[in-house]
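Participant: Going down the list, the sequences are from chains A and B. Start counting the first sequence at 1; every next residue gets the next number (our numbering). Start counting the second sequence at 1; every next residue gets the next number (our numbering).
It is worth saying that the hints were derived from the structure and are not from the lab. Be careful, since some hints might not be right.
As the list claims (entries may be wrong) - In silico DSBU-like cross-links for lysine-lysine, where the CA-CA straight-line distance does not exceed 35 Å:
hint, chain 1, residue 1, chain 2, residue 2
1, A, Lys177, A, Lys211
2, B, Lys71, A, Lys207
3, B, Lys25, A, Lys211
4, B, Lys71, A, Lys112
5, B, Lys25, B, Lys12
6, B, Lys52, B, Lys16
7, B, Lys12, B, Lys52
8, B, Lys7, A, Lys211
9, A, Lys112, B, Lys25
10, A, Lys120, B, Lys16
11, B, Lys16, B, Lys71
12, B, Lys71, B, Lys12
13, B, Lys52, B, Lys7
14, A, Lys177, B, Lys7
15, A, Lys207, B, Lys16
16, A, Lys112, B, Lys16
Source: prediction; values computed, not measured.
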Amino acid sequence: MDEVTSQAPEYLPPLASPQPFPPSGAQPLGQMLVFQPMPGKQTGISFGEGRGIFRGVMWSPPAGSDPFMSGMMLTVHRIVVESQLRQQRWNSTVVAMRESIRALTSEVTTLKCEIQRLHKLRTYVVPLATLTPEPFQMIQQVPVTIEGDGDDFTATFVEANVSASGETEADAIANFKDSLLSTYEVLEGASPSQLGPLPTRQWAILKSVVKRAE
Amino acid sequence: MARIITKELAIKIRDKLEGRPITTKNAVHDVYGVYHNGQLIAQFGIRRGSSKDSGHDHVQKELNVSTGFAKQLGVCTKQRDDYLRERNLLPQLPATSEVDGRP
Chain A
1 MDEVTSQAPE YLPPLASPQP FPPSGAQPLG QMLVFQPMPG KQTGISFGEG RGIFRGVMWS
61 PPAGSDPFMS GMMLTVHRIV VESQLRQQRW NSTVVAMRES IRALTSEVTT LKCEIQRLHK
121 LRTYVVPLAT LTPEPFQMIQ QVPVTIEGDG DDFTATFVEA NVSASGETEA DAIANFKDSL
181 LSTYEVLEGA SPSQLGPLPT RQWAILKSVV KRAE
Chain B
1 MARIITKELA IKIRDKLEGR PITTKNAVHD VYGVYHNGQL IAQFGIRRGS SKDSGHDHVQ
61 KELNVSTGFA KQLGVCTKQR DDYLRERNLL PQLPATSEVD GRP
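Can you build the whole structure from these sequences, using the hints too?
Facilitator: Structural data, given as structure tokens:
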């Protein structure tokens, strides 16, 4: 118990230290104060901020009572009060832990959703090696990046800014081939002066990877 | 992909950029060229026969702009001049503070 309470989070309010026993208002009645627990009665001593209220009655030891027994009762009282304080600290710790667990559960749920979303997103690269049956040949393979989430796919030759979409990977690749060749044809038929910076770069790349079949 | 650019948006982008049809043997796409000062500056395809909700997330890649920029082109907040500026084909607008004469 002490270990747990000593590790209580710092944001918990500090517990007020119990007032000295017996409290200042109590009359020691010349000897010592004796506590007798009596369930159901809420007289007794209040320790700072209402903590440590216990049920019982204080009374002075009757004349001729046994000082040893009075001392025992005092010790029992202190044990009870200390237990109550520990219980309160423990309760605060449990509440804090419950809040932490709730926050963690929420974070885990969010992460699970994110993982599921990422799992659905698929990105991979396939080498494109042939343009058959079109009358074109690949001079070298080009890396085609396929991105998709199950509903739509995009195939892209990133270097040349050539891209196409499709409802399946196969569709996207077929459309990509179409797009690659139409880009090639358009750029092939234009004079360099008619091309802006992007098409000029595209043409430089495309003519190094595609040629007309002989 | 997540269908950020649909065919409907792609058509709006084509109109916004004043894309002109280019005749090709392409069986799948209608190809459009974007021209500036008589030069072809970009070309992109819109799938034939597809529904208006079909994914066209390849358009921004062919236009060489970000997905967000392409979407803004489609939904009217960006114009053709913004696209030309984005591609450094038009001088950038001065910053607001310069216009105001403030340092």
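Participant: Each hint needs a verdict: does it hold in this structure or not?
Facilitator: Consistency of the hints with the structure:
1. A:Lys177 to A:Lys211: 13 Å, holds
2. B:Lys71 to A:Lys207: Answer holds: Lys71 (chain B) to Lys207 (chain A) is near 31 Å, not above 35 Å.
3. B:Lys25 to A:Lys211: 16 Å, holds
4. B:Lys71 to A:Lys112: 29 Å, holds
5. B:Lys25 to B:Lys12: 24 Å, holds
6. B:Lys52 to B:Lys16: 17 Å, holds
7. B:Lys12 to B:Lys52: 11 Å, holds
8. B:Lys7 to A:Lys211: Distance ~31 Å between Lys7 (chain B) and Lys211 (chain A) Cα, so the pair holds.
9. A:Lys112 to B:Lys25: 47 Å, violated
10. A:Lys120 to B:Lys16: 33 Å, holds
11. B:Lys16 to B:Lys71: 12 Å, holds
12. B:Lys71 to B:Lys12: Roughly 10 Å separates the two Cα atoms, so the pair holds.
13. B:Lys52 to B:Lys7: 5 Å, holds
14. A:Lys177 to B:Lys7: Within the cut-off at roughly 19 Å; holds.
15. A:Lys207 to B:Lys16: 30 Å, holds
16. A:Lys112 to B:Lys16: Violated: Lys112 (chain A) and Lys16 (chain B) sit about 40 Å apart, past 35 Å.
Violation of the numbered hints given earlier is confined to hints 9, 16; the remaining hints are satisfied by the structure.
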